[in-house]
Amino acid sequence: MTVFNPPTSSDPHGKEVFIRCRNVSKSYRKGKTIVTPLEALDLDVGRGEFLALMGPSGSGKTTLLNLIAGIDSPTTGELWVDKQNLASLKRGQLTAWRAKHCGYIFQLYHLVPILTAFENVELPLLLDRSLSRKERHSKVAAALDLVGLANRADHRPTELSGGQEQRVAIARAIVTNPGLLVADEPTGDLDRKSATQVLDLLREFSSEYRKTIVMVTHDAVAANAAQRTLHLEKGQLVEQVQITTSEPTEV
Amino acid sequence: MITKNTLFNVTTFILVSLFLTACGKQEESTNAGLQNNGAEETATLIRLATVPSSAISVGQARKTAHPGQKIAVSGQIGGTRSPIAEEYASFVITDSVILFCNEIGDEGCETPWDACCEDADKLAEHRASVLFLNDNGQPLNLNMKQQPGLSELDYVTVTGIVAPGSTPDNLIIHANGLYTEPTKL
Amino acid sequence: MLPISYAIRNLLRDPGRLLQKVGGAGIVVFLVFAAGAFNQGMHRILSASGSPQNVILLGAGSEESVERSEVPIQAETLAAAGIQDITTRLGVSAVSGEVHYMAEVIFPTGHKAQALLRGVTPTAFEVHRSVRILKGKYPKPGEVLVGKLAHHNLGVSAEMLSPGQTIKFEGQSFTVAGIFTAPGTVMESELWFDRNDLMTLTQREQLSCVVVRLESPESYASADLFSKQRLDLELSAIRESDYYAKLSAFYAPIRTMTWLTAALIAAGAIFGGLNMQYAAFASRIRELATLQAIGYSRPAIYLSLVEESLLATLLGTLLAVAMVLIFLEGQTLNFSMGVFRLTLSGEIALAGLLTGLLLGIIGSITPAIRCLGTSLPSALRS
Numbered sequence: 001m002t003v004f005n006p007p008t009s010s011d012p013h014g015k016e017v018f019i020r021c022r023n024v025s026k027s028y029r030k031g032k033t034i035v036t037p038l039e040a041l042d043l044d045v046g047r048g049e050f051l052a053l054m055g056p057s058g059s060g061k062t063t064l065l066n067l068i069a070g071i072d073s074p075t076t077g078e079l080w081v082d083k084q085n086l087a088s089l090k091r092g093q094l095t096a097w098r099a100k101h102c103g104y105i106f107q108l109y110h111l112v113p114i115l116t117a118f119e120n121v122e123l124p125l126l127l128d129r130s131l132s133r134k135e136r137h138s139k140v141a142a143a144l145d146l147v148g149l150a151n152r153a154d155h156r157p158t159e160l161s162g163g164q165e166q167r168v169a170i171a172r173a174i175v176t177n178p179g180l181l182v183a184d185e186p187t188g189d190l191d192r193k194s195a196t197q198v199l200d201l202l203r204e205f206s207s208e209y210r211k212t213i214v215m216v217t218h219d220a221v222a223a224n225a226a227q228r229t230l231h232l233e234k235g236q237l238v239e240q241v242q243i244t245t246s247e248p249t250e251v
Numbered sequence: 001m002i003t004k005n006t007l008f009n010v011t012t013f014i015l016v017s018l019f020l021t022a023c024g025k026q027e028e029s030t031n032a033g034l035q036n037n038g039a040e041e042t043a044t045l046i047r048l049a050t051v052p053s054s055a056i057s058v059g060q061a062r063k064t065a066h067p068g069q070k071i072a073v074s075g076q077i078g079g080t081r082s083p084i085a086e087e088y089a090s091f092v093i094t095d096s097v098i099l100f101c102n103e104i105g106d107e108g109c110e111t112p113w114d115a116c117c118e119d120a121d122k123l124a125e126h127r128a129s130v131l132f133l134n135d136n137g138q139p140l141n142l143n144m145k146q147q148p149g150l151s152e153l154d155y156v157t158v159t160g161i162v163a164p165g166s167t168p169d170n171l172i173i174h175a176n177g178l179y180t181e182p183t184k185l
Numbered sequence: 001m002l003p004i005s006y007a008i009r010n011l012l013r014d015p016g017r018l019l020q021k022v023g024g025a026g027i028v029v030f031l032v033f034a035a036g037a038f039n040q041g042m043h044r045i046l047s048a049s050g051s052p053q054n055v056i057l058l059g060a061g062s063e064e065s066v067e068r069s070e071v072p073i074q075a076e077t078l079a080a081a082g083i084q085d086i087t088t089r090l091g092v093s094a095v096s097g098e099v100h101y102m103a104e105v106i107f108p109t110g111h112k113a114q115a116l117l118r119g120v121t122p123t124a125f126e127v128h129r130s131v132r133i134l135k136g137k138y139p140k141p142g143e144v145l146v147g148k149l150a151h152h153n154l155g156v157s158a159e160m161l162s163p164g165q166t167i168k169f170e171g172q173s174f175t176v177a178g179i180f181t182a183p184g185t186v187m188e189s190e191l192w193f194d195r196n197d198l199m200t201l202t203q204r205e206q207l208s209c210v211v212v213r214l215e216s217p218e219s220y221a222s223a224d225l226f227s228k229q230r231l232d233l234e235l236s237a238i239r240e241s242d243y244y245a246k247l248s249a250f251y252a253p254i255r256t257m258t259w260l261t262a263a264l265i266a267a268g269a270i271f272g273g274l275n276m277q278y279a280a281f282a283s284r285i286r287e288l289a290t291l292q293a294i295g296y297s298r299p300a301i302y303l304s305l306v307e308e309s310l311l312a313t314l315l316g317t318l319l320a321v322a323m324v325l326i327f328l329e330g331q332t333l334n335f336s337m338g339v340f341r342l343t344l345s346g347e348i349a350l351a352g353l354l355t356g357l358l359l360g361i362i363g364s365i366t367p368a369i370r371c372l373g374t375s376l377p378s379a380l381r382s
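Protein chains in written order, with my numbering: chain A, 1 to 251; chain B, 1 to 185; chain C, 1 to 382.
All the given hints hold, so there is nothing to weed out.
Rough simulated footprint, nothing fancy, chain C against chain A, three-plus residues with beta-carbon under 8 angstroms:
hint : region
1    : 63-77
2    : 94-105
3    : 108-114
4    : 121-128
What follows is a set of in silico ranges between Cβ atoms, one per label pair, in the way DEER data are often shown:
hint : chain 1 : residue 1 : chain 2 : residue 2 : range
5    : A       : G31       : C       : S382      : 15 to 21 angstroms
6    : B       : G105      : C       : M102      : 29 to 35 angstroms
7    : A       : E135      : C       : R9        : 22 to 28 angstroms
8    : B       : G105      : C       : P183      : 43 to 49 angstroms
9    : C       : L350      : A       : N151      : 47 to 53 angstroms
10   : C       : A282      : A       : A220      : 35 to 41 angstroms
11   : B       : P182      : C       : L90       : 54 to 60 angstroms
12   : C       : S382      : A       : R91       : 14 to 20 angstroms
13   : C       : R204      : B       : K145      : 32 to 38 angstroms
14   : A       : D191      : C       : S382      : 24 to 30 angstroms
15   : B       : T50       : C       : P253      : 50 to 56 angstroms
16   : A       : R91       : C       : L358      : 28 to 34 angstroms
17   : A       : G31       : C       : T366      : 23 to 29 angstroms
Think of the hints as simulated: they come from the structure by calculation, not from any bench. We put the CB at the ideal spot given by N, CA and C, even for glycine.
When you get a sec, could you build the whole thing from the sequences and use the hints?
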């Protein structure tokens with residue numbers, strides 16, 4: 001087995017590599033058969049890059065997303081995010097890593113219904129004991145402001161539209177200022193207008209704040225918002241599309 | 001005063017007596033009243049090696065005994081719910097003609113030595129109280145279940161005198177001799 | 001750590017379910033309180049009724065029941081002379097020959113009730129040292145001294161047994177001369193008569209028992225020896241504390257039944273609660289997974305779920321305490337031996353609190369483990 005170094009080198013395009021997958025496989029037992037949604041996958045993502053993952057259902061894109069987000073661990077291979085090989089972390093360590101380094105955006109927002117928008121965004125900050133209440137509140141206010149929902153802080157999820165819920169979820173993902181954002185079909189449940197707002201936000205985080213974003217999507221329009229789109233089929237990367245412009249795509 | 005020392009000496013004495021009895025070296029009787037060091041009382045309880053020939057039943061004694069009379073009486077320990085006293089050398093002796101609770105087929109009876117089913121008058125005629133005194137004429141402090149290891153329903157013979165307070169209705173024997181029969185089957 | 005407010009608000013998610021949980025836990029804890037108070041009350045009154053310093057001389061063969069026992073009247077003076085180490089006060093030996101009798105008394109209103117009657121002489125106060133006359137005086141012939149709680153046993157108001165009132169027994173009227181207390185004992189439920197009155201009216205020539213108070217519990221052997229030396233009196237010497245301990249043992253099956261009932265209901269409640277809790281947690285599997293994705297550890301989430309469950313059961317415990325204070329505390333219960341009060345003692349309160357805690361913890365352990373056992377990627381998709 002090849003041993004890789006942390007991704008300090010640059011990729012061919014001159015960008016600093018932030019995510020490096022080498023020979024990453026994931027398989028699990030389903031009844032009596034072993035399913036392998038990802039097999040010997042290699043992938044580099046640069047710091048601040050906005051990457052879209054496309055592919056048919058069952059192609060392994062969510063599996064890859066979960067591995068990158070530290071939700072799941074690869075069966076074999078190495079998966080470096082920034083300076084950390086996630087493949088070497090145990091469950092508890094992965095949990096702690098996620099809290100600091102990764103924001104997750106879900107298709108169905110996954111907001112806690114009994115908490116207000118403000119409290120939902122505050123949830124990840126409660127894990128950091130070093131923060132004072134005042135510091136937490138100013139961070140939450142800033143995050144909500146960034147997604148344009150400062151005036152909805154006291155609303156419960158049921159009192160918000162889908163687009164607003166997703167923007168609260170985005171605020172929750174960025175409030176700890178992680179280097180990595182992962183999004184699983186973030187526009188899959190939204191109308192076009194709301195989808196555009198969400199995609200604009202993601203582009204902004206990538207370009208303005210140098211957040212590395214990996215987004216799974218079925219939607220070619222959404223994928224267009226990304227700088228690069230990868231297609232997965234049967235656990236393998238089959239095509240790479242490089243989008244050179246950093247301007248928002250017309251939708 | 002009855003002291004712990006006294007009890008110790010009584011115990012020692014009984015142990016010695018038991019040993020001698022067991023060895024069969026005693027023909028008639030042993031009187032080994034041990035003197036307490038400067039003590040006020042001497043324990044007197046003589047273990048008899050054989051049954052005195054003059055021994056009579058409790059029933060007979062009830063009819064003939066009068067206070068002050070020398071007497072030897074044979075019977076079984078029982079006839080009441082708790083026939084052996086707790087801390088004094090005293091027990092209740094009853095003739096075997098009395099129907100004990102274990103003889104009426106009550107297997108689960110907790111007090112098989114009691115005679116609760118016997119006719120009260122008959123029981124009264126065949127029952128007497130035995131008490132061993134110390135040299136001061138006071139009841140001897142001794143747990144007879146521990147030393148000499150008496151149990152309810154044991155066959156015993158006691159020798160002594162009929163107590164001054166004894167009446168035809170209530171026979172009390174102030175005993176000094178005790179013979180315990182090997183278990184009868 | 002998840003804030004406690006998260007657990008609190010989760011509770012309020014479904015008020016119906018919350019009500020069920022709080023009510024269920026409340027009923028179980030209430031039952032524990034009730035069973036505990038009942039058992040402790042009964043045990044306390046029986047153990048307080050017997051003093052280790054007192055010996056009861058009962059008729060041989062009636063060692064279990066003083067009411068059935070018959071003791072020759074001369075046993076009282078013979079015992080006073082024949083038993084060593086009897087307590088004396090102002091020259092009076094603590095020997096009390098008594099008649100215990102259960103019979104019907106009739107009130108002026110026509111109300112009839114079974115009463116525990118005791119025929120005594122003034123020496124009864126030398127033997128039963130906890131007895132104090134609260135109101136009125138010691139009864140003369142034709143009068144009766146009434147235990148403080150006797151009215152409960154007889155089903156009448158306290159006024160109907162206050163000094164000056166009359167009751168009828170065996171066709172004769174008796175005036176209440178006074179009220180006595182004997183805290184925590186069965187005596188408080190009794191009616192005390194002049195012994196001669198009671199013996200005459202019931203045509204008894206024998207006593208029920210002779211109670212002797214000794215200098216120390218160790219002097220019992222002397223009373224025991226007396227009973228063996230006076231076979232003609234047909235006596236059995238029993239420590240008063242042993243007598244009541246035996247009575248207490250007699251009631252043990254009843255006490256076991258109360259605990260068993262409480263335990264069975266608690267078991268049912270736990271199984272019901274487990275189901276409900278599982279349903280409550282299962283409907284939140286995705287939310288719990290999201291919290292993990294955000295960075296909350298499983299133990300932290302697990303703790304929050306247990307917290308949530310505990311909050312409900314402790315609310316139930318509070319409810320139970322309220323119910324006890326309203327419905328149980330201070331209530332008197334009758335049983336054949338007398339009347340006892342139900343009180344929420346420290347021990348019982350602790351038992352109830354522990355029950356509440358256990359219900360909360362046991363009720364949430366397995367549901368929480370099952371709900372958090374799902375793998376994170378699939379829980380996020382559920």
